[in-house]
Amino acid sequence: MTEQAAKLSIKRESGNRVVFTPSGLSRVAQPGATLLATAQEAGVAIRSLCGGNGKCRQCWVEIAEGSHSKHKVTSSCENVTPPTELEQRMFRLNPKYQRMRLACRTQVIGDLVIDVPETSQEHLAYISKKNEYREFSLSPVIRLVDCELAEATMDDNPSASENLLAQLAKQSIQARLNHRLLSDLQALIHATGGKLTVALRDSHQESCEVVAIYPQGDTRVLGGAVDIGSTTLALYIYDLHSGELLYETSAMNPQIRYGEDLMSRVSYVMMNKDGDRKLTSAVREKLTEMVHLACKTLDVNHDKLLEMVLVGNPIMHHVFFGISPVELGQAPFTVAVRDWMEVNAVDLQLDLYANTRIAFLPLIAGHVGADTAAAYLSEMDSMQQQTTLLVDIGTNAEIMLAKDGVVYATSSPTGPAFEGAEISAGVRASHGAIERIRIDPDTLAVKFKVIGVDAWSDQQAFTDASPRVIGICGSGIIEAMVCLAQVGLIDKGGLFVQSRDPANFDTRVDEDAGTTIVRYRLVDQGENSLYIEQVDVRSIQLAKAALSAGVALLMDYLDCRKFDQVLLAGAFGSHLDPQYVADLDLIPSANSEQIRSVGNAAGIGASKALLDHRQREKIITEVRKVVKIESANEPRFQEYFVEGMKFSVSPVSGQQSNRPRRRRR
424 MTEQAAKLSI
434 KRESGNRVVF
444 TPSGLSRVAQ
454 PGATLLATAQ
464 EAGVAIRSLC
474 GGNGKCRQCW
484 VEIAEGSHSK
494 HKVTSSCENV
504 TPPTELEQRM
514 FRLNPKYQRM
524 RLACRTQVIG
534 DLVIDVPETS
544 QEHLAYISKK
554 NEYREFSLSP
564 VIRLVDCELA
574 EATMDDNPSA
584 SENLLAQLAK
594 QSIQARLNHR
604 LLSDLQALIH
614 ATGGKLTVAL
624 RDSHQESCEV
634 VAIYPQGDTR
644 VLGGAVDIGS
654 TTLALYIYDL
664 HSGELLYETS
674 AMNPQIRYGE
684 DLMSRVSYVM
694 MNKDGDRKLT
704 SAVREKLTEM
714 VHLACKTLDV
724 NHDKLLEMVL
734 VGNPIMHHVF
744 FGISPVELGQ
754 APFTVAVRDW
764 MEVNAVDLQL
774 DLYANTRIAF
784 LPLIAGHVGA
794 DTAAAYLSEM
804 DSMQQQTTLL
814 VDIGTNAEIM
824 LAKDGVVYAT
834 SSPTGPAFEG
844 AEISAGVRAS
854 HGAIERIRID
864 PDTLAVKFKV
874 IGVDAWSDQQ
884 AFTDASPRVI
894 GICGSGIIEA
904 MVCLAQVGLI
914 DKGGLFVQSR
924 DPANFDTRVD
934 EDAGTTIVRY
944 RLVDQGENSL
954 YIEQVDVRSI
964 QLAKAALSAG
974 VALLMDYLDC
984 RKFDQVLLAG
994 AFGSHLDPQY
1004 VADLDLIPSA
1014 NSEQIRSVGN
1024 AAGIGASKAL
1034 LDHRQREKII
1044 TEVRKVVKIE
1054 SANEPRFQEY
1064 FVEGMKFSVS
1074 PVSGQQSNRP
1084 RRRRR
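Residue numbers for the sequence shown follow our numbering, beginning at 424 and rising by one.
Careful: at least some of the hints might be erroneous.
[To be verified] For each label pair, taking beta carbons as the anchor points, the in silico distance ranges come out as:
#1 Ser1015 to Arg515: 43 to 49 Å
#2 Ser446 to Met694: 23 to 29 Å
#3 Lys519 to Gly438: 30 to 36 Å
#4 Ser1071 to Thr1044: 38 to 44 Å
#5 Gly466 to Gln628: 40 to 46 Å
#6 Ser1071 to Gly745: 42 to 48 Å
#7 Gln521 to Gly875: 29 to 35 Å
[What the hints assert, rightly or not] Simulated crosslink set (EDC-like; lysine to aspartate or glutamate; CA at most 20 Å straight-line):
#8 Lys593 to Glu574
#9 Lys709 to Asp770
#10 Lys719 to Glu629
#11 Lys1048 to Glu1062
#12 Lys870 to Glu750
#13 Lys826 to Asp697
#14 Lys826 to Glu1045
#15 Lys1048 to Asp804
#16 Lys915 to Glu1062
#17 Lys495 to Glu510
#18 Lys1041 to Asp804
#19 Lys915 to Asp804
#20 Lys1048 to Asp827
#21 Lys593 to Asp538
#22 Lys701 to Glu712
These are calculated hints, taken from the structure and not from any lab test. For glycine and all other residues, C-beta sits at the position ideal for the given N, C-alpha and C.
Starting from the given sequences, assemble the full structure and let the hints guide the process.
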């Protein structure tokens, strides 16, 4: 046995303590655990776009050598496994990595203090999923009824439950009593003198259920609409009888620590024991935490929140219900269940009122989810009257096309590039991320805006704010690609035109991989300059080609040549400039006037289904009519995909400017 192996054996028996700075959080590492897995267990948010597969190379950390009296730990580089071939190659390419390790590739074999640099920390996302104000039709599934129970006597002594149901029957209400109410029913009757307010669920049906009982006059009951996105969770709390929006909030989906995009999370489940349980627990616990805060803010008890309607993509749907998402990660992408689902909170072990009903809108297909169904419900009136394309751009683009009363749907594997993942300078939308870019066609000077600062980078207000620019988020990447093409820095095929601006191009050779890395300096920040690499351009080409091919495929099926409107759903779509969407040719045959954002249409659709049982019945019926197309099975998809790879370029493409350059900000 080698010295290191012996050390490994001894240390694993007693456990190895790992302290993460600057957070100060610590954890005893499990046998064979990587630094990334240990960080996740400790609640330390380290960037892991690929879910710990070693592909994104975002999880660099530094081992703090020496004795740390504060933490009572002696840390050493010998307390981890040796660098992998991937890490050694990165050391040779960039000397700054030589004192660092990839957290997902490095196993713990001794006590450690690990410094997580800011570039590897998971930044709080810029979350914007507010519901726009709308007048919703109102016919909730919950109805409140007052009743007075006759006092029991020796001659007339029915059970408490019989007494209650008899009083409801006198009001022509045929109801059944939820068994969980029996434990407190008699005490409540004595405390109120039999004067009660009863909450009935599904009172529009022939038979309904008593799901809550309150002292008479207690008339406020609430419902929640929830959008479970892959990046964010959004919660909207309504008064079920006035329809008033009382509270709304958003939070980052904690599953991100297991993979930034959906396929990375499926991969995590496949590669890690109890991976599916961890993802399920993470989202359920976060939703429960959000509901608790809402109830505290509104000063109401949990038993006043009686109905919740959830939406999300198929993977989020399966994970929430504790269903393995593995089948959704491989062809033929079969869902376990597609229909409307409803269970009580207690059945999901949620720390909420036991009889709160948790309902999930139906899925449309294997990769077209309840979020798209909800967006369809939100915009159904206009979609049934006009030729409408509805698109939710994400890791997997969900696409619906409505024409002459017929609706087709498909999905396209756009990948995570549009959201900043797998782009060298890409980041999620968070403060300091570039969201807007302009390039002067004559001087090639770049100006930009970052999230959190209203001014452009060439304005004094930006200099005064002195924001730290951390990278480029999705909307900024799209605008950057359009600008690079329009000023001739990339050609129609997506290749860099280095002669256009040779001073800002550089080339590096990766001898181990046998490849040449060509990159363009977009923002000059010295050692922290932001570059666009040739491989980044190709990633965007692939993403835009997949989206445009999916749209073109549906246009073929419905013999559609033009749209009356193009609706961009989802948080990402709401931040896109329609002009740049059109200029990048993301949507074939669409111009900027036809394109508009519908904001968080999924949240609006969930709210409609919450507040009006007729709306949920409508979407259940309409979803069954949607014709599903599997793009992977369509030969034409590949043809359209190849066509969609092309960039629109300006007449100056390939021409070199001799005009003086302005210094970049």
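Now for the hints, and whether the structure bears them out:
no. : hint                           : in the structure
1   : Ser1015 to Arg515: 43 to 49 Å  : 46 Å, holds
2   : Ser446 to Met694: 23 to 29 Å   : 26 Å, holds
3   : Lys519 to Gly438: 30 to 36 Å   : 32 Å, holds
4   : Ser1071 to Thr1044: 38 to 44 Å : 41 Å, holds
5   : Gly466 to Gln628: 40 to 46 Å   : 45 Å, holds
6   : Ser1071 to Gly745: 42 to 48 Å  : 46 Å, holds
7   : Gln521 to Gly875: 29 to 35 Å   : 33 Å, holds
8   : Lys593 to Glu574               : 16 Å, holds
9   : Lys709 to Asp770               : 17 Å, holds
10  : Lys719 to Glu629               : 35 Å, violated
11  : Lys1048 to Glu1062             : 28 Å, violated
12  : Lys870 to Glu750               : 45 Å, violated
13  : Lys826 to Asp697               : 45 Å, violated
14  : Lys826 to Glu1045              : 14 Å, holds
15  : Lys1048 to Asp804              : 16 Å, holds
16  : Lys915 to Glu1062              : 17 Å, holds
17  : Lys495 to Glu510               : 29 Å, violated
18  : Lys1041 to Asp804              : 12 Å, holds
19  : Lys915 to Asp804               : 39 Å, violated
20  : Lys1048 to Asp827              : 13 Å, holds
21  : Lys593 to Asp538               : 70 Å, violated
22  : Lys701 to Glu712               : 16 Å, holds
Comparing the model with each earlier hint shows violations of hints 10, 11, 12, 13, 17, 19 and 21; every other hint is respected.
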